[in-house]
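Colleague: So you can see what is in the structure, the chains are spelled out below.
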Amino acid sequence: MDRKRLLLAEDDELLASLLNYRLEKSGYQVSLSNNGKEVKDQLGKEMPDLIISDIMMPYFSGLELIDYVRNELKSKTPIIIISSAGNEENVLSAFDLGANDFISKPVSPAELIVRVERELAKNQ
Amino acid sequence: MAINFITKSTYDLKAKKLVSQLSQMETMLDAYSFEELTSDEASHLKKTFNAFKKCLDQMIFKPVISSQGGQGIEIRNQATRSTGLMENKTTVNSTMLIAKVSHEIRTPLNGIIGFTDLLREEGLSNRQLSQINAIQSASNSLMEIINELLEYSKLSSGLGNFETTNFYFQNVINEVVYLCNTLITRKEVNLRTAIDPNIPTVLRGDPSKLSQLLINLLGNAIKFVEKGEILLNIKIKERIKNSIHLEFIIKDSGIGISKKNLKHIFDPFKQADNNTFVTYGGSGLGLSIVKQIIEKCKGEITVTSKLGVGTTFTFFLPYEIGKDKDMVNKEESTLNLDEGIKQVSKMNILVFEDNILNQKLIETRLKSWGCQTFITDDAYRGIDVLENHPIDIVLMDLRMPGMNGFEVTDLIRQHSNPNIKNVPVIALSADFTAQNEEECKVHGINDFILKPYSQEELLSKLINNKISEPTSSSKPVTTSDCNKNPIVDLTSLLDDCMGEFELLENLISLFKQNALEFIGACRIHLKNKNYEGFGFASHKIKSGLAMLKTNSLLSIVEKIHEYGKKGTGLEELEILYTAFIKEYSLIDKAIDIDMAKLRKIK
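Protein chains in written order, with the numbering used here: chain Y, 1 to 124; chain L, 1 to 602.
I should point out that these hints are in silico values taken from the structure, not numbers from a laboratory.
SDA-like mimics (lysine to any residue), calculated; alpha carbons at most 25 Å apart, straight line:
id, chain 1, residue 1, chain 2, residue 2
1, L, Lys512, Y, Ser17
2, L, Lys540, Y, Ser33
3, L, Lys565, Y, Asn34
4, Y, Lys25, L, Asp489
5, L, Lys367, L, Asn419
6, L, Lys296, L, Arg239
7, L, Lys237, L, Phe266
8, L, Lys251, L, Pro268
9, L, Lys512, Y, Asn35
10, L, Lys549, Y, Ser17
11, L, Lys549, Y, Arg115
12, L, Lys549, Y, Asn90
13, L, Lys421, L, Met400
14, L, Lys306, L, Thr193
15, Y, Lys4, Y, Ser104
16, L, Lys565, Y, Leu92
Whenever a hint applies, use it, and build me the whole structure from the sequences.
Modeller: Encoded structure:
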């Protein structure tokens, strides 16, 4: 079976390395990015099976990212948003724009993996 | 605090310049379009920037001590190898040389003076007592000469240190007169004072320089008068608005000075004749120091004298008139010894000192005051004492083999227990250089005692630095229950890492790096009143804090974030920033301890 490709856009190095490690351990192929611009470039070239993105990102926010994927690239790739605690407004906007799921900080890696699995299963 | 920071103003200036350049760079980076970079260029940029940052970190957190210190030693070696060459060397930094040499002399002298002091209390025979007196008076004059030499070289090199503070004029005079009266022994000399009652109670200027001047001139007079009167007369010369000119007259009925000698009286190393030194001793620097101090204070000094009749020194000094309400409510500066001893008895004092002589000396003295003492020259043994005994004050010798006093203080200041972390540390050193005093501040040392010191000096420093109970003022704001609940929880993070210890180590080092970056960023944002910067920086560190479950830090950062977003509350931000640093040092230590534990389990 092909390894599923995930794009993880998270500017917090700490969280990114932890999640990267856990996701790879769970059998995913992860490409990491710490800024929105880079994510945009990557997505233009190749669409992963699922996108995990922090809402607050330098240069290109998670919300802009969703908008870009859904409206410009016209892709239905599942997007899971990572949001800071107590940032309800952003989460609602994310759902409005077409995010599939969200997880709030502090992120439990195990929980994220379950959510990733669920989204991918839905899509098959 | 008694520490004067000579280089502070230049230090501030340099730091300001650096910060402004850094923020300029920041703006430039912000404006730069990173879109145009290829990934190679970007990675190169990142590497360069990291190298720069590392270099900067090193400079900020581990400043290299000016090479002058080393030079001093080198110079001395050269000097001993080829005497006479020294004056010709243009690179010779005489101030540093004097500071170095005087340190070498002060250290053993400290032992000599202290022990003769102690011996005196041993119930000696009269013969022994008079011998002890001779040793003591010889060491005291040696000390005096060294001090004057040092003072002179400092003044000549412009390093002389003047403070401007509000002080009670009459108190300074009382102290001086009291001290001078103790100098008059077995002499039929009467010290009389006439002080204008209209002189304002509080003046602004340098009280210690004033007392130094008066002690020097009155001391001189006492030396040269065998029988008769010394008069200290202080008058108001002029009073304009907020400033006042005082006239000080010191008149004695001593041996007087000839016209020929009077001309050179303020020149360094000049005494009336060689015989003067034989009879009266001294370095011959006292009066030239007096003159230099007065001139630096924008005053002037004149002298008139007649052989066999006496000498009159007259000097003028300008002062600002201070306000009584500006005065900090300090204890009386003159310290009652018995009263003082009562205040320090039962204190637990930890002493870091490597010189066995000085160890015994300070132990005996502190014990005689009823203090409990712990003495060591080993950092870890000392920390062990701190962890197992309620220590009130740490006395820290700065020069020790192995870990020096600054490093040991760093260890104490990083301790996870707030009671240990905040224990007052008083540095003891025979080293007089400005660098040391600046460094004391950097390392969180509370006060400084120059060796050798009198028991009064030690006593008053102990009292001044004693934390009065309850210790509410010195208690860190946010660490109330750090002992009850663990302040970090790494086991759950290790679980998240699926037990991969190496990953955990990586994460921790990332976290620490982020925290230091955050501290650095906040410092710059504070200077620039950059609220947006606060918002961004605090956002950046938040998730890491949440991962480590460091709730105390997280709540501080959340508040910083709020103020940053609101764009107001610079004062609050400053307080929060300070709180963050305090709390972070606890967390940092706690992490290390936790990591060590986890490593063992692994």
